[in-house]
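**Student:** Produce the entire structure from the sequences given, and follow the hints as far as they go.
For the record, the sequence lines run as chains Z and D.
For the first sequence, the positions run 183 to 459 when this note's numbering is used.
For the second sequence, the positions run 183 to 459 when this note's numbering is used.
Chain copies aren't distinguished; within one or between two, either way the pair holds.
With a Cα cut of at most 25 Å, we get these calculated BS3-like pairs of lysine-lysine:
no. : residue 1 : residue 2
1   : K189      : K263
2   : K454      : K223
3   : K413      : K382
4   : K189      : K266
For the record, the hints were derived by calculation from the structure and aren't laboratory data.
There are 2 protein chains.
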Amino acid sequence: MSEIFHKIAIVGVGLIGGSLALALRQQGVASTLVGIENSAKSAQWALDNGMVDEIVEQVPDDATLVALCVPSDLVSAWVIKLAKHQAAVFDVGSVKGPIVSAVASQIDLPENFVPCHPISGSEKSGPEAARSELFADCMVVLTPTENTSAQALEKVLNCWHYLGAQTSQLTPEDHDSALAITSHLPHLLAFAFMQQVEEKHIPLTGGGFRDFTRIAGANPELWWRIFQLNKDEVLTALDTFTADLQGLAQSIRAVDSESGIAQISDAANKRKTSEVE
Amino acid sequence: MSEIFHKIAIVGVGLIGGSLALALRQQGVASTLVGIENSAKSAQWALDNGMVDEIVEQVPDDATLVALCVPSDLVSAWVIKLAKHQAAVFDVGSVKGPIVSAVASQIDLPENFVPCHPISGSEKSGPEAARSELFADCMVVLTPTENTSAQALEKVLNCWHYLGAQTSQLTPEDHDSALAITSHLPHLLAFAFMQQVEEKHIPLTGGGFRDFTRIAGANPELWWRIFQLNKDEVLTALDTFTADLQGLAQSIRAVDSESGIAQISDAANKRKTSEVE
Numbered sequence: 183m184s185e186i187f188h189k190i191a192i193v194g195v196g197l198i199g200g201s202l203a204l205a206l207r208q209q210g211v212a213s214t215l216v217g218i219e220n221s222a223k224s225a226q227w228a229l230d231n232g233m234v235d236e237i238v239e240q241v242p243d244d245a246t247l248v249a250l251c252v253p254s255d256l257v258s259a260w261v262i263k264l265a266k267h268q269a270a271v272f273d274v275g276s277v278k279g280p281i282v283s284a285v286a287s288q289i290d291l292p293e294n295f296v297p298c299h300p301i302s303g304s305e306k307s308g309p310e311a312a313r314s315e316l317f318a319d320c321m322v323v324l325t326p327t328e329n330t331s332a333q334a335l336e337k338v339l340n341c342w343h344y345l346g347a348q349t350s351q352l353t354p355e356d357h358d359s360a361l362a363i364t365s366h367l368p369h370l371l372a373f374a375f376m377q378q379v380e381e382k383h384i385p386l387t388g389g390g391f392r393d394f395t396r397i398a399g400a401n402p403e404l405w406w407r408i409f410q411l412n413k414d415e416v417l418t419a420l421d422t423f424t425a426d427l428q429g430l431a432q433s434i435r436a437v438d439s440e441s442g443i444a445q446i447s448d449a450a451n452k453r454k455t456s457e458v459e
Numbered sequence: 183m184s185e186i187f188h189k190i191a192i193v194g195v196g197l198i199g200g201s202l203a204l205a206l207r208q209q210g211v212a213s214t215l216v217g218i219e220n221s222a223k224s225a226q227w228a229l230d231n232g233m234v235d236e237i238v239e240q241v242p243d244d245a246t247l248v249a250l251c252v253p254s255d256l257v258s259a260w261v262i263k264l265a266k267h268q269a270a271v272f273d274v275g276s277v278k279g280p281i282v283s284a285v286a287s288q289i290d291l292p293e294n295f296v297p298c299h300p301i302s303g304s305e306k307s308g309p310e311a312a313r314s315e316l317f318a319d320c321m322v323v324l325t326p327t328e329n330t331s332a333q334a335l336e337k338v339l340n341c342w343h344y345l346g347a348q349t350s351q352l353t354p355e356d357h358d359s360a361l362a363i364t365s366h367l368p369h370l371l372a373f374a375f376m377q378q379v380e381e382k383h384i385p386l387t388g389g390g391f392r393d394f395t396r397i398a399g400a401n402p403e404l405w406w407r408i409f410q411l412n413k414d415e416v417l418t419a420l421d422t423f424t425a426d427l428q429g430l431a432q433s434i435r436a437v438d439s440e441s442g443i444a445q446i447s448d449a450a451n452k453r454k455t456s457e458v459e
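**Tutor:** Written out as structure tokens, the structure reads:
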């Protein structure tokens with residue numbers, strides 16, 4: 183390790199912030215961990231479970247790293263507030279372009295800001311669901327801006343690597359269009375699918391249903407925000423999906439086995455060779 | 183146990199037939215297990231791994247139970263062939279109405295035929311993927327016909343209960359319309375979804391993607407058959423899904439938070455209270 187952080191501040195001690203705190207603690211990455219948390223219940227949980235040493239009102243002046251684990255639409259205000267702080271500042275939002283734009287519309291993009299998205303999570307929320315291993319082997323996409331300093335970038339890369347995560351760097355636009363496909367659209371489809379499921383169906387479900395619908399149990403307000411923030415990319419991915427789905431439905435309707443099996447085989451081959459297990 | 187079967191014949195020793203053989207063996211349900219299997223490779227695997235005592239050409243006269251673990255479109259020919267056999271005969275097909283109709287179009291429905299569907303499986307196939315615990319706690323739907331004898335029904339119920347499965351009885355029509363929603367439509371959506379996924383997206387996936395797409399790795403020919411056999415019900419479920427999806431997309435497009443969050447919350451509540459974990 184090239185550096186152990188002196189003091190890390192975690193803003194928002196929910197599922198992600200809490201997991202980050204547990205992981206940083208477990209890996210001995212920070213001498214001191216402080217939390218900022220509006221919810222008295224979450225704050226108490228974080229203290230009682232040793233996630234943070236202290237709950238504070240403001241990011242301390244001597245913090246060297248700040249993790250913004252608040253909902254995406256609250257990130258830009260924190261980035262702006264911390265623009266002159268010595269600490270490197272990163273967020274964990276699922277959509278990157280709108281966050282960077284929201285900051286850039288108010289101030290020059292700060293040197294200390296490193297937008298991040300750890301592609302990990304859970305359909306659960308709150309610090310009670312936090313797990314120290316949430317980021318082990320997880321891919322974290324960083325979308326540094328043209329103003330992000332090499333020093334801030336290195337600090338944040340080090341932090342993720344200490345936790346066992348892999349990192350990758352993309353532009354915010356490439357990140358948002360890829361995630362619309364790999365994460366946002368699946369959630370949209372699972373939410374739409376669950377609407378016709380009735381209680382009488384539940385005993386007639388197996389492992390396929392359980393896995394396919396797991397993400398439909400996610401936090402509705404959080405996902406509504408993500409759909410809104412990444413609206414254009416999500417609707418574009420949805421258009422492509424709709425065309426593919428109609429093609430497959432048409433093959434079924436017309437008993438066009440050659441075309442139908444070709445489409446299904448293409449999907450099955452992609453899934454089997456994708457090495458996501 | 184009210185009865186241990188003397189000799190059970192398993193027609194088709196693939197994932198389901200092989201798992202059934204392993205489970206019957208493990209629970210000591212049959213004195214002798216014989217297999218009928220066209221694929222020389224699968225037959226050898228079943229023998230080498232002690233799944234069956236013998237591979238035979240025909241169902242022996244002294245068999246007391248026959249499990250037809252062949253693709254759905256091959257079931258009716260076996261049921262017709264075994265109509266006068268002393269054994270109770272059950273299949274494991276994912277679609278029930280067309281199988282019953284195919285038999286009824288040729289002969290009076292046999293007294294010894296008990297249509298079954300164990301709602302369990304895997305995206306994998308072949309006896310190599312067989313697991314003795316595949317049916318433990320699994321729901322098996324039986325759709326006895328008006329001619330099914332009480333004796334045959336009891337034998338088959340006993341067999342499933344010995345393996346730790348739960349059972350439920352439905353009409354073939356109710357089974358097929360429910361399974362179109364709980365199993366066939368999710369597969370259709372997962373197959374359609376995978377088509378726009380590219381190699382560059384794979385590193386940007388997490389647990390949500392992995393679980394949502396797992397069923398897209400299933401056997402294409404097998405699933406094409408299921409879509410064809412249950413075409414009307416699958417297309418009906420798809421129409422309902424399409425309407426729900428368009429409703430949600432319209433809320434996103436129009437930034438109608440009230441309606442959008444209501445739809446997502448409905449889905450999330452259904453998933454969270456469904457106790458499928």
